[in-house]
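Sequences listed follow chains C and A, in order. Going by the working numbering, the first sequence opens with residue 7, and the numbers climb by one from there. Going by the working numbering, the second sequence opens with residue 7, and the numbers climb by one from there.
Hints are computed from structural coordinates only; laboratory data are not their basis. We put the CB at the ideal spot given by N, CA and C, even for glycine. Take these hints with a grain of salt, some might be off.
Claimed, not checked - BS3-like cross-link-like pairs, simulated, lysine-lysine; straight-line CA separation at most 27 Å:
id, chain 1, residue 1, chain 2, residue 2
1, C, Lys148, A, Lys193
2, A, Lys148, C, Lys193
3, A, Lys127, C, Lys206
4, A, Lys206, A, Lys193
5, C, Lys148, C, Lys193
6, A, Lys206, C, Lys127
7, C, Lys206, C, Lys193
8, C, Lys193, A, Lys193
9, C, Lys127, C, Lys148
Said to hold, decoys possible - Listed next, the stretches of chain A that the computed footprint assigns to chain C, with coverage defined by at least 3 CB atoms under 8 Å from CB atoms of chain C:
id, stretch
10, 33 to 40
11, 48 to 59
12, 83 to 94
13, 180 to 194
What follows is the residue order along each chain.
There are 2 protein chains.
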Amino acid sequence: MAQGRPPVTAGDSKTTRQRRNQPLVAVHTGAGKGKSTAAFGLALRGWNQGWSIGVFQFVKSAKWRIGEQSALEALNDVHRGTGQGGPIEWHKMGSGWSWSRKAGTEEDHARDAVEGWAEIKRRLADQTHTLYILDEFTYVMKWGWVDVDDVVETLRSRPGYQHVVITGRDADPRLLEIADLATEMTKLAHPFDRGQKGQKGIEW
Amino acid sequence: MAQGRPPVTAGDSKTTRQRRNQPLVAVHTGAGKGKSTAAFGLALRGWNQGWSIGVFQFVKSAKWRIGEQSALEALNDVHRGTGQGGPIEWHKMGSGWSWSRKAGTEEDHARDAVEGWAEIKRRLADQTHTLYILDEFTYVMKWGWVDVDDVVETLRSRPGYQHVVITGRDADPRLLEIADLATEMTKLAHPFDRGQKGQKGIEW
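Chain C on its own, in the form it takes in the complex (with noise of 0.2 Å):
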């Protein structure tokens, strides 16, 4: 794609500086491939604007996804030891979140849930990071584990520069109403329609 020129012309007295650095929310959602996958891509991109990147997986297994979160943890290594890039924190609600530091269960995941968006909230307010990737955080909305109404409001009056990335199917509409950002990944092929089953380096 060319270089970001835009179809339409703004209609506020903003400067160009001003509208460049709009936070945004953005939403992969769809039933296809790459809805996380390109979240994690995006992690690249911010880290090297030196960005605070604060990732949240909402998943339940814990070794899931190892190879986005090996790498972006080598980044983060870079980072510390050479200045280069932002620093990357991975958090996954698989057993227990890393801050919390209690035992981890695969009991109560709605408990895990509500931990971890009251953790983000905190972060939201405290600006902690430029980018979150709040990774299959739809689901968490879907099963009603999270308030979609909290959700869209904190974000809507989240203060600052934090762009919040969230990915996983079935995205509730008042969340794509709010997102500035929002693409769906549809399956047009895909190996396991042949017998294949998940491969490492290609789904984890």
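Once you've looked at the hints, dock chain A against the given chain C.
Positioned in the frame of chain C, the structure of chain A alone reads:
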């Protein structure tokens, strides 16, 4: 998504391991965002598996998408320094391919594209990489700079265990036909529609 459980049982006599280790052709197409970003996200998984990765950017601007390039080159440095992960090469067409070392010109993109594809064919024959990312390669096919049937036949007959990911809008039906995995990214909402310009960290 739950860890891969195929909805269809393969009718062939391959073992699970053989099926798992099937090299894939993946296509990210459609007018929405995330096509290239998801491809670079896949590179994180491949890097973590220790794969050799070759990125070939078929775009004009040499400064475009510097974010992912810097981050993946940092991961390549991590590999060279510590042995973690795998090697990543990043080649772009912008001002002549890096291997040709000729003075760059923005004049003859068609010739550069042909040269890039010839190099990729050599590498596929030599089994140089495990993962190839041919970024925005669909345009090169669409514009007739490389022959679609040649691409399809080369991919079909490539030896060994080599994954190829191709990104860009308007993927040719013949390419989609042989794709093991094809995803269409569709725009649901985009800040450009509101007069928002591209911004660092998000667009590049």
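Practice prompt. Check each numbered hint from earlier against the structure, then list the numbers of those it violates in ascending order.
Written response: When the structure is compared with the hints, none of them turns out to be violated.
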